[in-house]
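Peer 1: Start counting the first sequence at 512; every next residue gets the next number (the numbering used here).
Mixed in with the good hints, there may be bad ones.
[To be verified] Beta-carbon label-pair distances, calculated as ranges:
1) Lys862 - Lys841: 28 to 36 Å
2) Pro660 - Ala580: 13 to 21 Å
3) Glu579 - Asp846: 17 to 25 Å
4) Glu705 - Asp572: 51 to 59 Å
5) Asp956 - Tyr564: 41 to 49 Å
6) Glu689 - Ala580: 40 to 48 Å
7) Ser1076 - Ala980: 27 to 35 Å
8) Asp846 - Gly659: 26 to 34 Å
9) Ser1050 - Asn513: 44 to 52 Å
10) Val863 - Asp572: 27 to 35 Å
11) Asp846 - Asp572: 20 to 28 Å
12) Met979 - Val756: 52 to 60 Å
[To be verified] Listed below are the simulated EDC-like cross-link pairs for lysine to aspartate or glutamate, each with C-alpha atoms no more than 20 Å apart in a straight line:
13) Lys870 - Glu815
14) Lys862 - Glu913
15) Lys522 - Glu927
16) Lys987 - Asp1029
17) Lys865 - Asp893
18) Lys583 - Glu648
19) Lys583 - Glu845
20) Lys1060 - Glu990
21) Lys906 - Asp893
22) Lys841 - Asp1029
23) Lys690 - Glu913
Please keep in mind that the hints were generated in silico from the structure rather than gathered at the bench.
Just so you know, these numbers come straight off a predicted model, no measurement behind them.
Just so you know, even glycine gets a beta-carbon here, dropped at the ideal spot from N, CA and C.
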Amino acid sequence: MNAGELLSLCKRRGFIWPSFEIYGGVAGMYDYGPLGSVLKENIIRLWRQAYRYGEGFTEIDSVTINPEAVFKASGHLDEFSDCIVYCNECGEPFRADHLVARLHPNPDTLDAKSLKELIREHDVTCPECGGTLGDVEEFNLMFRTFIGPGSSRIGYLRPETAQGIFVNFPNLYRYNREKLPLGVIQQGRGYRNEISPRQGMIRLREFNMMEVELFVDPENKTWPRYPFVKEEMLRLIPNDGVERVMSLDGAVREGVIANEVLAYFIWLTKDLLVKMGVDPARLHFRQHLSEEMAHYATDCWDAEVLISYGWTEIVGIADRGSWDLTQHAKWSHEDMTHFKRYDEPHEVEQKVIKAKHSKLGPRFKEDAKEITNLIESCQAEDIKDGALQIEHNGKPLTISDEFFEVETLIRKVSGEKVIPHVIEPSYGLDRIFYTILEHAYHKRDDDYTVLKLKPILAPIKVGVFPLMARDGLDEKAQEIFRLLMDAGIEAYYDDSGSIGKRYARMDEIGTPWCVTIDYETLEEGRGKKDTVTIRDRDSTKQIRVPIDKLVKTIHTMLNGVNFESI
RNA sequence: GCGACUGUAGUCUAGCGGUCAGGACCGAGGCUUCCCAAGCCUCUAGCCCGGGUUCAAAUCCCGGCAGUCGCACCA
512 MNAGELLSLC KRRGFIWPSF EIYGGVAGMY DYGPLGSVLK ENIIRLWRQA
562 YRYGEGFTEI DSVTINPEAV FKASGHLDEF SDCIVYCNEC GEPFRADHLV
612 ARLHPNPDTL DAKSLKELIR EHDVTCPECG GTLGDVEEFN LMFRTFIGPG
662 SSRIGYLRPE TAQGIFVNFP NLYRYNREKL PLGVIQQGRG YRNEISPRQG
712 MIRLREFNMM EVELFVDPEN KTWPRYPFVK EEMLRLIPND GVERVMSLDG
762 AVREGVIANE VLAYFIWLTK DLLVKMGVDP ARLHFRQHLS EEMAHYATDC
812 WDAEVLISYG WTEIVGIADR GSWDLTQHAK WSHEDMTHFK RYDEPHEVEQ
862 KVIKAKHSKL GPRFKEDAKE ITNLIESCQA EDIKDGALQI EHNGKPLTIS
912 DEFFEVETLI RKVSGEKVIP HVIEPSYGLD RIFYTILEHA YHKRDDDYTV
962 LKLKPILAPI KVGVFPLMAR DGLDEKAQEI FRLLMDAGIE AYYDDSGSIG
1012 KRYARMDEIG TPWCVTIDYE TLEEGRGKKD TVTIRDRDST KQIRVPIDKL
1062 VKTIHTMLNG VNFESI
């Protein structure tokens, strides 16, 4: 299949539209149309079902504009940007740090100003044509803006939703009553000012993410539900490049997947994607090579699917270690730790140095207080030959043991502070949306298109048609349409053209069932009064059910019961 | 950001200096007792945007925007 055909269908039928089309469009931006927004919502619902209800994770919704400090701490400001310099003559762009590589030991640590100075000082010219170089510009992939009037407060549109969770860690941790594991999910938009977005919905400048941040004890990367799924099979491509099919447990035991939690969420991701209609034959998990790993990750597996653009990453499952919380603790000076209580409090023997005030006072007079503090901040191990070496007023000073004594204290320690590790399954919603459409797209020989969406995801569940728009069939059909909508089943009424055309219209947008009201529905005496036909999208077969069982039947099928077994 | 190619109704497409820009599909209305895109009639709707060349531009030229493909980029 080719992406053009599907994109054309999406646009024609209202799944997605290129944004700002009347003004010529903007690359990398798409609007979700009426069918698209419902499909997107349905995908989010399944994801939420898996994490919030399935795993008991908690959900938040944080802001999209963040102050600069957040990205200084997260590393995005440094790691996510390059300094670019353009040649004044030929216009060729260069990485500024590459041009001064021989003039500085660490050119990538320099800011734009120092790079510019270095280029001026050493008369660095264009390596292509020898022309002079222009100003050094920072090119960061984050969208920049200002918070409030004036230009003093710089803000950025978030490139990932994750930071909103990390900066709220202290709140979330208290909310979870200071326990680990702590699972937090967030769905929302992210922004990346891509230099050249291509491939339709695959690389967007404004995109939707469903992110999960799971905070765990660094020394306990197990998972309670792991034993129930550990024999499930996964298609893996570890970083040695050799594809193999292994059970979760096999992969963990052989060290292919680092730990149980990571393995469990790889499996959960596979299960979720397949439930959404991603073809398992076109899905595998690939481990990142160390050089392609993000600046924050210690291990990372991508769910990749085969679509018309080739194997494409749609989910990334990373072990971010303690990177994010450590960084935010450092920059914000907030406590980002978990207090890990021991089963039994440990008794720790500690030797402390106590100053002898009665000796220190007469000897050191007004300096005595300061020296006391210096002595008491020393450790017992600092004592050499019965004396302490300290520095007072810039001069070394030897304090003999007549001025202090060593006391042994027994302290009770009931736990320790640890920085939690973060396991992050991050779902690219737009890419999943597109993959579901591609994998659902079927074409029969006669150019007839059927979108075989999972019923649970289909934007419209039931098409309602009177066989003819007359003889009271249309009134009856309207009644049934109301009946379904009132029961919360998204239905679509259509009485135009031929019946075949109406079925075709519904098939093309993935509607799983069509209800038809015919003359027998109204006819007395033949035992078929008040019954309607339900026609199945994939088999085109029909069954006849009483109207008063219709809602129940549709609900049964939405819960996964096959049409054939009704 | 660079290079090549491209841009005609909602979709697909013909026209490539000179008629009211032609068709197909979709869509809307109508006729046909009509369960899988049937047929017939009627209708709606288009030259990506801006500038230039020319008596005359959808057509040629320049710029922009967008798309496809390569290069670069892609946490």
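Peer 1: All the hints need checking, so say for each whether the structure fits it.
Peer 2: Comparing the hints with the structure gives:
1. Checked against the hint of 28 to 36 Å, the pair Lys862 and Lys841 passes, with Cβ atoms roughly 31 Å apart.
2. Distance hint check: the CB atoms of Pro660 and Ala580 are about 19 Å apart, consistent with the given range 13 to 21 Å.
3. At roughly 22 Å, the beta carbons of Glu579 and Asp846 sit within the given window of 17 to 25 Å.
4. Look at Glu705 against Asp572: about 25 Å separates their beta carbons, and that is not inside 51 to 59 Å.
5. As the Cβ distance of Asp956 to Tyr564 is approximately 42 Å, the hint placing it in 41 to 49 Å holds.
6. Remark: the range hint 40 to 48 Å for Glu689 to Ala580 is contradicted by a beta-carbon distance near 26 Å.
7. In this structure the hint that Ser1076 and Ala980 lie 27 to 35 Å apart at CB holds, the actual value being about 33 Å.
8. Range check, Asp846 to Gly659: about 29 Å between beta-carbon atoms, so the 26 to 34 Å window is met.
9. Roughly 27 Å separates the CB atoms of Ser1050 and Asn513, a value that falls outside the hinted 44 to 52 Å.
10. One distance hint, 27 to 35 Å for the beta-carbon pair Val863 and Asp572, is violated here, with the actual separation near 49 Å.
11. Look at Asp846 against Asp572: about 24 Å separates their beta carbons, and that is inside 20 to 28 Å.
12. Separated by about 54 Å at the C-beta atoms, Met979 and Val756 satisfy the suggested range of 52 to 60 Å.
13. For the hint pairing Lys870 with Glu815, the CA-to-CA distance comes to about 74 Å; that exceeds 20 Å, so the pair is violated.
14. Taking the CA atoms of Lys862 and Glu913, the gap is about 17 Å. The hint holds against a cut of 20 Å.
15. In summary, the hint linking Lys522 to Glu927 is not supported, as the alpha carbons are separated by about 57 Å, beyond the 20 Å threshold.
16. At roughly 10 Å between alpha-carbon atoms, Lys987 and Asp1029 fall within 20 Å of each other, so this suggested pair holds.
17. Between Lys865 and Asp893 the alpha-carbon distance is near 13 Å, which keeps this suggested pair within the 20 Å criterion.
18. For the hint pairing Lys583 with Glu648, the CA-to-CA distance comes to about 18 Å; that is within 20 Å, so the pair holds.
19. For a cut-off of 20 Å, the pair hint linking Lys583 to Glu845 stands: about 15 Å separates their Cα positions.
20. Simply put, Lys1060 and Glu990 have alpha-carbon atoms about 15 Å apart, close enough for the 20 Å limit, and the pair holds.
21. For the hint pairing Lys906 with Asp893, the CA-to-CA distance comes to about 18 Å; that is within 20 Å, so the pair holds.
22. Restraint check: the Cα-Cα separation between Lys841 and Asp1029 comes to about 71 Å, which exceeds 20 Å; the hinted pair is violated.
23. Restraint check for Lys690 and Glu913: not satisfied, since their Cα atoms lie roughly 49 Å apart, outside the 20 Å limit.
Violated hints for the displayed structure, listed by number in ascending order: 4, 6, 9, 10, 13, 15, 22, 23.
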